[in-house]
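Combine the two chains into a complex, taking the hints into account.
Read top to bottom, the protein sequences are chains X and U.
Residue numbers for the first sequence follow my numbering, beginning at 1 and rising by one.
Residue numbers for the second sequence follow my numbering, beginning at 277 and rising by one.
A hint or two may mislead.
Listed next, the in silico DSBU-like pairs over lysine-lysine satisfying Cα-Cα at most 35 Å (straight line) [stated by the list, open to error]:
1. U:Lys482 / X:Lys6
2. U:Lys278 / U:Lys541
3. X:Lys262 / X:Lys205
4. U:Lys650 / X:Lys16
5. U:Lys552 / X:Lys56
6. U:Lys529 / U:Lys464
7. X:Lys7 / U:Lys278
8. X:Lys133 / X:Lys262
9. U:Lys278 / X:Lys9
10. X:Lys215 / U:Lys388
11. X:Lys262 / U:Lys329
12. U:Lys482 / X:Lys101
13. U:Lys278 / U:Lys329
14. X:Lys16 / U:Lys640
15. X:Lys7 / U:Lys640
16. X:Lys16 / X:Lys47
17. X:Lys56 / U:Lys650
18. X:Lys79 / X:Lys7
19. U:Lys640 / X:Lys56
20. U:Lys482 / X:Lys9
21. X:Lys101 / U:Lys388
22. U:Lys650 / X:Lys9
23. U:Lys552 / X:Lys215
24. U:Lys529 / U:Lys278
25. X:Lys77 / X:Lys6
26. U:Lys640 / U:Lys388
27. X:Lys183 / X:Lys77
Calculated from the structure, these hints are not laboratory results.
None of these values were measured; they are calculated from a predicted model.
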Amino acid sequence: MWEYTKKLKDIFLHPKNVGEIENPDAVGEVGSIICGDALRLTLKIDKETNRIIDAKFQTFGCASAIASSSALTEIIKGKTLDEALEVTNQDIAEYLGGLPKEKMHCSVMGREAMEAAIADYKGEITPPEEKEKLVCQCFEVTEEKIRRVAIENHLTTVEEITNYTKAGGGCGSCIPRIEEILKDIWHIKMPEMPAVKKKLTNLQKIALIQDIIEKEIRPRLQADGGDIELIDIDGNTVVIALRAMCVECPMGGVTVNNIQEKLKELVDENIIVETG
Amino acid sequence: MKPIYFDNNATTPIAPEVLDEMLPYFRQFYGNPSSMHTFGGQLHRKIEEARAKIAALIGAEPEEIIFTSCGTESDNTALMSAVESYPQKRHVIATRVEHPAVLNFCKHLSRKGWRVTFLPVDSSGRLDMDAFLKAVDDDTAIVSIMYANNETGVIFPIPEIGNILRERNILFHTDAVQVAGKIPVNVKELPVDMLSISGHKLHAPKGVGALYVRKGTRFYPYIIGGHQERGRRAGTENVASIIAFGKACELAKEHLDKEADYLKKLRDKLEGALLKLCPDAQINGDVKNRLPNTTNISFKYVEGEAILLRLDEYNICASSGSACTSGSLEPSHVLRAMGIPYTAIHGSIRFSLSRYNTEAEADKVIEVMPEIIKELRTLSPYGKG
Chain X
1 MWEYTKKLKD IFLHPKNVGE IENPDAVGEV GSIICGDALR LTLKIDKETN
51 RIIDAKFQTF GCASAIASSS ALTEIIKGKT LDEALEVTNQ DIAEYLGGLP
101 KEKMHCSVMG REAMEAAIAD YKGEITPPEE KEKLVCQCFE VTEEKIRRVA
151 IENHLTTVEE ITNYTKAGGG CGSCIPRIEE ILKDIWHIKM PEMPAVKKKL
201 TNLQKIALIQ DIIEKEIRPR LQADGGDIEL IDIDGNTVVI ALRAMCVECP
251 MGGVTVNNIQ EKLKELVDEN IIVETG
Chain U
277 MKPIYFDNNA TTPIAPEVLD EMLPYFRQFY GNPSSMHTFG GQLHRKIEEA
327 RAKIAALIGA EPEEIIFTSC GTESDNTALM SAVESYPQKR HVIATRVEHP
377 AVLNFCKHLS RKGWRVTFLP VDSSGRLDMD AFLKAVDDDT AIVSIMYANN
427 ETGVIFPIPE IGNILRERNI LFHTDAVQVA GKIPVNVKEL PVDMLSISGH
477 KLHAPKGVGA LYVRKGTRFY PYIIGGHQER GRRAGTENVA SIIAFGKACE
527 LAKEHLDKEA DYLKKLRDKL EGALLKLCPD AQINGDVKNR LPNTTNISFK
577 YVEGEAILLR LDEYNICASS GSACTSGSLE PSHVLRAMGI PYTAIHGSIR
627 FSLSRYNTEA EADKVIEVMP EIIKELRTLS PYGKG
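Okay, chain U solo, but in the shape it has when bound (with noise of 0.2 Å):
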């Protein structure tokens, strides 16, 4: 049976197209693009046609493109090059609510003596700019912004606090790895030094993902060894996947205007009928400034993975920011940072969606849901059911 797949910010289907595009480099050519011989190097040229394609989708020239194997080494990539490449800045600001490739990376170098400031929320999720103006000095090494987070899609106003970046002088890296394909990107217009992003988020393979580097950016390599990527990033290339997220990245530019008006139809509706037809749920995240894909909404006195257990019985993939399902004990830090309380917290489910979601598939979310919280209200002792 085909999953309804809702979980697009975890992970999305590679398109069709994208797979025609990238099987050839698995089968037939197989070759090293670094090699002397044709049969080798010629892939040199595929890498190139590849990273012209993935720079066009957020306006930068080709050669800022560094290819990586994922969000995560992108992040930690951008983070680790501002490190090293101003050794007498000892200090560093995050948000509370950064993927754990920022989060995390940020405590490993508060471990190894740097100050590191983690910036508050409001409850909608939004940045509190006052924060942040006072975390700014001149021993900030660099800054990393979400663009937009994961669990809630709320946007951050990335121009702005750019803008102020660049007239201080400092480095600023913000992880667009759910931002790059749903909403227009230009780093052309965007006060942005480095800027993540990954195939997997947009309909190409796990294992491959690229930093952008503005010219002019001092950058220290994270991965040390061959001259590949100009010797910013050594190991040999993922040839057939580099190809393909150049392939998606082609596709998400043709499909950007498009696609973002259907998402926000298709999840406006989902939103709107879970929310009629469940009492006592609410929508986490600023609803005026969210990616047009994504919906966070808490049903409260219910708990988020029972919920998602209930729906995997219809084939429904959705996620949770309960404490049972992030393998620690404690519940999604993002939700904590916003101060949601903890009924709702914990049964905090996830939408999110993508192109190749149906109507009908949004209808059956709707039919089942319902009955799922009620059923399971009656479970529990602070159920009204």
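Chain X with its partners taken away, still in its complex shape (with noise of 0.2 Å):
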């Protein structure tokens, strides 16, 4: 069971702002019914002032969602647009009296809905997320968010990525690329590895393949539960296959292509990896 605080489960028994707001001046929508949590957030905006007068909100999700939600809503209402643009997830949670770390995406949910509502108000289109810039599909988290959510809220690793956004929460194989991305925002210092842009030879370039997929990328998957395994490679061709829960998962496709990515990075560029 959570740990929820007394003030939360107030909220959530009795939030407030709950609703729609009829001819809203702003609407913000984020999250989706498959992903567990989304919120739909109306807003009445005084023209002359730039100043929210009211705000409601309609949340499908568990109490802390609803809490979030509920808590925003008081928090924005009698701010000013670039007031409220100012309120950060941290105020959120600080409002509901803390939240449980695995739940903190619940209120990074409630400050993009936020974001996404004065950016309807301003006119400003926010594009549908493209698929391809898409670091986690299983529950659509761009890069942006991450290192956004990350630099914002001091986030060092993989798990705590993971609690605020819910990416890599999913199949688990956008993982590596979590990991390069906070090792890119902390310049935390890279694993030492071989010198490999002078030419090859074919042993050695086996031996560089081999020594990647079993050091590299074999523990990541094995962390999931997945495996791989290294059929053959022939010139610049290298076949694998999926193993154990890699094989049900949906996310096969973008598995290989991470590990196309990975061997192109650090053996040569001409790398395809293809499943036998």
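So, in structure tokens, the structure goes:
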């Protein structure tokens, strides 16, 4: 059971500003029923002063998602749009007397809904997330969001990123990518990799590919119940087989692609990975 | 305030008779059954009495029962024993809807190089028998298929599966943790080689389980050490809990027929009323072939954790397959394997009954639930409230 604060429970049981404003000036929608939580925020805005006169929400989600939504509306009512944009997910969490760390993504969702609503009011059209920009396909999380949430909340581990954005919490195939993003943000020293740009002999190339699959790729897949087997290396074509949970994972294609990118980066940019 | 406890597939209250039976073995008879002195050694006989009672519940011989610490240990032991005993066979079969005790052990085997087939189920949670027949081959070391599912209560055709495997001489284990004490189990007629049961699911305390191993089955111990359990499970016996487990099985056997009828009537009443009073609700699982005590209902467009916390205000205990209650970010692997739409998975609630539930308790749930669902739907952007 989650350890919710009394304040959070009270707000969950008696949420404020529930519903939908008629003829709203701004609408912000985030999340989806597939991901397990979704929030629709409607705002009434005074056009003279740019002040939020009223805010209402509808939320599909757990107790902390509902409480976060209620908290958000309470915090931003009466604020100008500029003031509202300064509200962080930490402010929402603090309003609730804290959130369990696994539930921080609920506060992030609140902040995102507000930003979406204000963008809507300003007529900024936010294009739907393009598939290729997504780091986490399972929960549709972009690199931009991961970077932003990581910096704002000083997150340094994949687990924290998952708690705050859900990214990496599904099939797990994006975990290596999240690690790279974190390394990039915080300049964590990359593990020493063998110098590879020199022309490799065939034997050296095979040994290097085997080494990278064994030491870099396999442990990450195995950590999520998946596995990989190297079947053959023919010139620049690397034939692999996904094993265990990877076989049934709908993200199998993404995994193969990630492996190819890794080998391109570390061995030879002409590498092609195929499943056998 | 006494809880209204409808979460008996998670764990059950200890029966008062069981508690009475076990208490002296904490207070007074604290000896070690392996000791040479009478004070400790006399406990050996009590353990054998308990073993006989557990064997009687499932139609086994006492020497076919090995005590373990829980259902998970029983499941792990069965699988480990099979792969240790048949090292040349590198294939294991389970289902996608197994309890994590089997599911994650199979994933572990797969990481270690075994080939593992997870059999699919249909939208009612029924096993895909064609997939099963196709999966079985001469390389298969063991097939492990649960007797009934803990989330939906759906019962698998264990006799049919067992007969096929027996013909092909392949080891068969079933996790019967949710079944023992709820419907009759008789291993004399049931073609299984190993079967897991757990104490705390049938009104004994937590921390004790058993594995039935048919006479003549190759066996390799999982916990290695002393000579306890004839070398098949080392470690000083959990005397008080084993005695309690025996008593609980004796009670279960006594009540079996009457209890199943009672549970089914009460469950059907609860389920029927909730479906009638809450629009957009559906039952998950094959209603024709379910445990008498379990119902899994999806209340669409609302989220399970929110429902549970509202129920908690009335001290009503149930569970959910929603992502938020699973500890991970993904909802129930069982409901996903059944292909239940996400609109319904996140709002799934399981009520699981025991002999201690009353009609008044069911009435209380029936009274508060429609209002909870209605309120949460007014909060939801998908709700039609």
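Hint check:
1. Only pairs whose Cα atoms come within 35 Å are accepted, and U:Lys482 paired with X:Lys6 is accepted, the gap being roughly 30 Å.
2. Only pairs whose Cα atoms come within 35 Å are accepted, and U:Lys278 paired with U:Lys541 is accepted, the gap being roughly 23 Å.
3. For the proposed pair X:Lys262 and X:Lys205, the alpha carbon gap of about 14 Å is at most 35 Å, so the pair holds.
4. Restraint check for U:Lys650 and X:Lys16: satisfied, since their Cα atoms lie roughly 17 Å apart, inside the 35 Å limit.
5. At most 35 Å may separate the alpha-carbon atoms for a hinted pair to count; U:Lys552 and X:Lys56 meet this at roughly 31 Å.
6. Only pairs whose Cα atoms come within 35 Å are accepted, and U:Lys529 paired with U:Lys464 is accepted, the gap being roughly 16 Å.
7. The hinted pair formed by X:Lys7 and U:Lys278 meets the criterion: a straight-line CA distance of about 25 Å does not exceed 35 Å.
8. Between X:Lys133 and X:Lys262 the CA atoms are separated by roughly 17 Å; this keeps the pair inside 35 Å, and the hint holds.
9. Restraint check: the Cα-Cα separation between U:Lys278 and X:Lys9 comes to about 21 Å, which is no more than 35 Å; the hinted pair holds.
10. Straight-line distance between C-alpha atoms of X:Lys215 and U:Lys388 comes to about 16 Å, which keeps the hinted pair within the 35 Å bound.
11. The straight-line distance between the Cα atoms of X:Lys262 and U:Lys329 is roughly 59 Å, outside the 35 Å bound, and the hint therefore fails.
12. The suggested pairing of U:Lys482 with X:Lys101 holds, with an alpha-carbon distance near 29 Å, which does not exceed 35 Å.
13. Pair hint U:Lys278 plus U:Lys329 holds up; C-alpha atoms about 31 Å apart against a cutoff of 35 Å.
14. Proximity of X:Lys16 to U:Lys640 is assessed by CA-CA distance (about 27 Å); at most 35 Å being required, the pair is judged to hold.
15. For the hint linking X:Lys7 to U:Lys640, the alpha-carbon distance of about 27 Å falls within 35 Å, and the restraint holds.
16. Between the alpha carbons of X:Lys16 and X:Lys47 the distance comes to roughly 24 Å, so the proposed pair stays at or under 35 Å and holds.
17. Among the hinted pairs, X:Lys56 with U:Lys650 is consistent with the structure: their alpha-carbon atoms are about 18 Å apart, no more than 35 Å.
18. Using a Cα cut-off of 35 Å, the hinted pair X:Lys79 and X:Lys7 holds, with the two alpha carbons roughly 23 Å apart.
19. Note on U:Lys640 and X:Lys56: the hinted pairing holds, with a Cα-Cα distance of about 32 Å set against a maximum of 35 Å.
20. The straight-line distance between the Cα atoms of U:Lys482 and X:Lys9 is roughly 30 Å, inside the 35 Å bound, and the hint therefore holds.
21. Proximity of X:Lys101 to U:Lys388 is assessed by CA-CA distance (about 33 Å); at most 35 Å being required, the pair is judged to hold.
22. As the CA atoms of U:Lys650 and X:Lys9 are separated by approximately 19 Å, the hinted pair is consistent with the 35 Å bound.
23. Our distance criterion of 35 Å between C-alpha atoms is broken by U:Lys552 and X:Lys215, whose separation comes to about 57 Å.
24. As the CA atoms of U:Lys529 and U:Lys278 are separated by approximately 27 Å, the hinted pair is consistent with the 35 Å bound.
25. Restraint check for X:Lys77 and X:Lys6: the C-alpha separation of about 23 Å stays at or below 35 Å, so the hint holds.
26. The straight-line distance between the Cα atoms of U:Lys640 and U:Lys388 is roughly 50 Å, outside the 35 Å bound, and the hint therefore fails.
27. Between X:Lys183 and X:Lys77 the CA atoms are separated by roughly 38 Å; this puts the pair beyond 35 Å, and the hint is violated.
Of the hints listed earlier, those the structure fails to meet are numbers 11, 23, 26 and 27, in rising order.
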